[in-house]
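Colleague: Residue numbers (the working numbering), protein chains in the order written: chain V, 1 to 452; chain L, 1 to 452.
Hints are computed from structural coordinates only; laboratory data are not their basis.
Please note that a few of the clues may not be correct.
[Unchecked claim] Okay, the calculated beta carbon distance ranges per label pair:
#1 E115(L) - G255(V): 40 to 48 Å
#2 H133(L) - N219(V): 38 to 46 Å
#3 E201(L) - G120(V): 37 to 45 Å
#4 T159(V) - D183(L): 37 to 45 Å
#5 H221(L) - A51(V): 28 to 36 Å
#6 K282(V) - N239(L): 45 to 53 Å
#7 E92(L) - A35(V): 50 to 58 Å
#8 D386(L) - E25(V): 29 to 37 Å
Bear in mind that the values here come from a model prediction, so they are computed numbers and not experimental data.
Backbone N, C-alpha and C define an ideal beta-carbon position, used for all residues, glycine too.
2 protein chains.
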Amino acid sequence: MNLDNALLASSEDKLLYLQKLLVLEDDLLVKEFFAELSEVEVAHLLASFPANVRQRVWLCVPDDFKGEVLAKLSEETRSSLMVDMKESDVSELTQDLGAQEIADILDTTAESMKEAVIEGLDQNTRDQIQTLHAYDDQAVGRYMNPEMVNIRQNVTLETVQRYIRIKDLLDEASQEIMVTNQDNRLVGSLRLVDLIKQNQEALVSEFMHSPISILDEINIHEAAVILRSKGLHFAPVVNASGILVGQLNIEDIIGITREDSEQTQMTMSGVSEDELFSPVMKSAQSRGIWLGINLATAFLAAYVIGQFEAVISQLVALAVLMPVVASMGGIAGSQTLSIIMRGLALGQIAGKNRLWLFNKELWVGASNGVIWAIVVGIVSQVWFNDWMLTLVISLAIAINMTVANVSGIAIPLLLKKMKIDPALSGAVILTTVTDVVGFMSFLGLATLLILD
Amino acid sequence: MNLDNALLASSEDKLLYLQKLLVLEDDLLVKEFFAELSEVEVAHLLASFPANVRQRVWLCVPDDFKGEVLAKLSEETRSSLMVDMKESDVSELTQDLGAQEIADILDTTAESMKEAVIEGLDQNTRDQIQTLHAYDDQAVGRYMNPEMVNIRQNVTLETVQRYIRIKDLLDEASQEIMVTNQDNRLVGSLRLVDLIKQNQEALVSEFMHSPISILDEINIHEAAVILRSKGLHFAPVVNASGILVGQLNIEDIIGITREDSEQTQMTMSGVSEDELFSPVMKSAQSRGIWLGINLATAFLAAYVIGQFEAVISQLVALAVLMPVVASMGGIAGSQTLSIIMRGLALGQIAGKNRLWLFNKELWVGASNGVIWAIVVGIVSQVWFNDWMLTLVISLAIAINMTVANVSGIAIPLLLKKMKIDPALSGAVILTTVTDVVGFMSFLGLATLLILD
Chain V
1 MNLDNALLAS SEDKLLYLQK LLVLEDDLLV KEFFAELSEV EVAHLLASFP
51 ANVRQRVWLC VPDDFKGEVL AKLSEETRSS LMVDMKESDV SELTQDLGAQ
101 EIADILDTTA ESMKEAVIEG LDQNTRDQIQ TLHAYDDQAV GRYMNPEMVN
151 IRQNVTLETV QRYIRIKDLL DEASQEIMVT NQDNRLVGSL RLVDLIKQNQ
201 EALVSEFMHS PISILDEINI HEAAVILRSK GLHFAPVVNA SGILVGQLNI
251 EDIIGITRED SEQTQMTMSG VSEDELFSPV MKSAQSRGIW LGINLATAFL
301 AAYVIGQFEA VISQLVALAV LMPVVASMGG IAGSQTLSII MRGLALGQIA
351 GKNRLWLFNK ELWVGASNGV IWAIVVGIVS QVWFNDWMLT LVISLAIAIN
401 MTVANVSGIA IPLLLKKMKI DPALSGAVIL TTVTDVVGFM SFLGLATLLI
451 LD
Chain L
1 MNLDNALLAS SEDKLLYLQK LLVLEDDLLV KEFFAELSEV EVAHLLASFP
51 ANVRQRVWLC VPDDFKGEVL AKLSEETRSS LMVDMKESDV SELTQDLGAQ
101 EIADILDTTA ESMKEAVIEG LDQNTRDQIQ TLHAYDDQAV GRYMNPEMVN
151 IRQNVTLETV QRYIRIKDLL DEASQEIMVT NQDNRLVGSL RLVDLIKQNQ
201 EALVSEFMHS PISILDEINI HEAAVILRSK GLHFAPVVNA SGILVGQLNI
251 EDIIGITRED SEQTQMTMSG VSEDELFSPV MKSAQSRGIW LGINLATAFL
301 AAYVIGQFEA VISQLVALAV LMPVVASMGG IAGSQTLSII MRGLALGQIA
351 GKNRLWLFNK ELWVGASNGV IWAIVVGIVS QVWFNDWMLT LVISLAIAIN
401 MTVANVSGIA IPLLLKKMKI DPALSGAVIL TTVTDVVGFM SFLGLATLLI
451 LD
């Protein structure tokens with residue numbers, strides 16, 4: 001058993017290797033393995049076990065890693081590990097961490113422990129944590145790094161370099177140095193690249209640039225969208241009076257971006273992000289709401305079918321073909337929905353182009369509707385040899401697919417106008433529409449054209 | 001009409017503002033507006049128009065922007081703009097671009113134009129482009145930046161700084177400087193932060209670190225997964241003999257990451273990423289395959305129902321409740337599928353934990369199945385007042401939801417074992433299973449218990 005190159009192995013290989021080590025019950029080997037990995041990787045491995053095994057794995061994490069690893073875990077995984085921790089444990093773990101990381105960890109703990117741990121910190125970190133905790137959960141200020149290096153604009157680059165060396169400033173993640181005036185107001189930002197490559201006798205003011213600053217009170221997801229749309233990987237954070245209060249680094253922005261795109265995907269099927277290894281009862285419960293909502297819409301569709309019992313009992317083939325109509329509408333609508341949701345997320349749908357898109361979807365729906373109506377018609381005719389039935393199902397397919405495409409754009413745009421997140425309810429409303437319209441058009445036409 | 005702060009406006013606001021400017025037909029205003037934006041933003045705005053309007057907007061892009069903007073567009077959007085371009089236009093646009101960007105743009109052009117444009121470039125860029133084009137479409141080598149700064153390990157930091165200034169090396173995106181030996185083999189990497197903050201008399205060898213290098217031939221998506229799993233934002237690229245050939249920057253890695261997560265979402269509904277503003281016929285066609293596959297599965301479900309015509313014609317209520325069984329199974333299965341797909345993407349599912357997860361999903365499915373069977377049973381009893389029907393639907397719901405959850409994990413794991421991308425076909429296979437099992441258990445039980 002061997003992992004030839006721990007550095008380049010895939011997450012899956014590392015997980016398999018760790019599982020083998022755990023079977024051997026030789027904790028020393030596990031510790032050695034962890035020592036070769038980064039904190040991100042160890043955190044990721046911990047999240048790949050059910051809670052009871054996770055506790056055991058946690059004991060093998062090297063002590064000088066534990067704090068960083070804990071900070072990188074999701075809230076659910078972290079709290080599963082912190083259940084039995086004492087105040088002194090938490091204090092020890094957090095002693096070498098930055099304010100941002102400590103604040104994250106303390107968010108998972110009880111109020112009493114939180115206060116006790118904060119008490120034990122140095123004044124500077126304590127102030128920073130208090131600043132972070134003062135912000136709203138979703139505010140930029142809660143996510144920013146409150147530690148940063150700032151300089152004045154009327155000094156030379158050489159002086160800045162010397163200052164950094166003497167004071168031992170900057171860390172691995174540093175990208176830019178903020179330039180402020182006496183009031184701590186942001187006046188510019190100096191890239192490390194420029195600090196190195198420009199004439200060292202020149203003043204900071206000559207090479208600093210005006211960065212795009214982000215207001216500390218705005219929503220972190222909005223901030224991520226703005227930064228992403230500009231291709232920016234760094235932003236100073238200022239408060240309403242223009243005072244520099246922190247910075248957002250590439251790490252923070254990437255984290256939020258990934259979270260956002262995953263969350264959309266998960267939200268659309270009504271499951272939570274962290275559910276893979278959570279206990280049965282918790283999972284069953286968390287999926288319940290979505291199942292309940294779906295049941296209500298399914299009964300609505302059933303109610304529609306119930307209105308047409310007469311025609312179904314006369315021609316059972318209707319019951320046989322019924323799901324085809326609903327299903328084709330459902331797929332066509334969800335294709336449009338996916339495209340529109342992406343466009344909305346990227347801010348590409350606004351003003352006049354909505355009409356263009358509406359029109360486009362109407363025509364895509366109608367042309368696909370006609371094409372597939374013909375295909376379904378042929379199959380139906382061959383199968384049941386009933387021209388009336390073929391006419392009814394062809395018409396219903398064409399109608400439902402057209403309505404489905406138009407709904408695929410109309411529903412998310414309407415929800416957005418009503419300030420409801422389309423990711424949350426768009427799909428279920430759409431399915432309800434395509435089911436109801438599908439059954440109603442199919443069975444309704446059948447009642448008109450076939451029922452004696 | 002005014003956009004108070006072009007810098008901080010959302011993508012949507014910028015799009016609205018641009019639409020207004022276009023109505024005024026004052027191209028100068030549009031040009032002024034574009035000049036305030038970054039290339040990423042202009043590219044994004046261009047992608048937010050249908051092809052015919054896009055051409056007009058393109059004419060307003062400031063000339064010194066055009067090349068960069070073109071490089072940042074997706075292939076489809078780019079080719080819509082390049083249709084009428086002459087060789088001289090392309091040569092002019094690409095003159096100030098890096099090899100990576102030129103290679104991207106030339107990928108969109110015809111072979112003859114490609115050669116002519118390459119002919120006009122300087123020897124160095126020409127070589128770099130040839131290197132890039134020699135790689136497979138999906139290889140790391142095709143995505144890397146072949147321009148990089150490399151230094152030797154036995155010089156002082158001070159010398160490195162001076163060398164950078166004299167030669168005017170590094171650009172905005174630089175993060176690390178590669179350290180190589182005489183054979184151009186990678187021996188380490190020096191962070192800009194260390195170049196600044198460490199003792200300037202020290203040698204590079206003292207502060208360089210061993211970076212994780214990526215092989216040029218591996219798949220870019222695999223590379224992105226590795227880098228992400230380590231939280232890395234930079235990687236040197238080496239060939240099979242260890243020679244340094246390029247570097248992957250944060251930009252490249254983020255781009256690939258976002259693409260991947262979006263693509264999964266789009267693939268799952270059978271639409272392509274760039275479809276928002278593509279013409280009706282193209283969209284209708286591209287969605288066709290998926291609709292066709294779905295139709296086949298819908299007919300399979302219809303065939304199953306067709307086997308039970310006898311019992312349906314005896315009790316039409318079965319046709320009414322039938323979709324409820326299929327729909328509950330579909331939702332339960334897709335919940336499991338989303339969770340498993342995410343776990344697979346993150347490499348969290350391997351070896352022994354598959355059994356644990358299987359077991360978990362079985363129990364989540366069974367317990368949710370029983371709970372919802374009771375709920376559906378109550379509604380059915382109130383609605384139809386038929387104990388036998390209530391028994392049949394309750395059993396069918398419990399069976400289908402249990403099978404659905406188990407299938408939600410079994411299908412993607414099986415597909416993966418068969419080396420088929422579960423994102424592509426997982427959802428459609430799952431729906432087929434839940435439909436078929438749903439109809440079969442419901443109507444089959446009805447045949448056994450109700451049919452005279």
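Colleague: Work down the list of hints and note, for each, if the structure agrees.
Modeller: For each hint, the structure was consulted:
| no. | hint | in the structure |
| --- | --- | --- |
| 1 | E115(L) - G255(V): 40 to 48 Å | holds, 44 Å |
| 2 | H133(L) - N219(V): 38 to 46 Å | holds, 43 Å |
| 3 | E201(L) - G120(V): 37 to 45 Å | holds, 40 Å |
| 4 | T159(V) - D183(L): 37 to 45 Å | holds, 40 Å |
| 5 | H221(L) - A51(V): 28 to 36 Å | holds, 31 Å |
| 6 | K282(V) - N239(L): 45 to 53 Å | holds, 49 Å |
| 7 | E92(L) - A35(V): 50 to 58 Å | holds, 55 Å |
| 8 | D386(L) - E25(V): 29 to 37 Å | violated, 58 Å |
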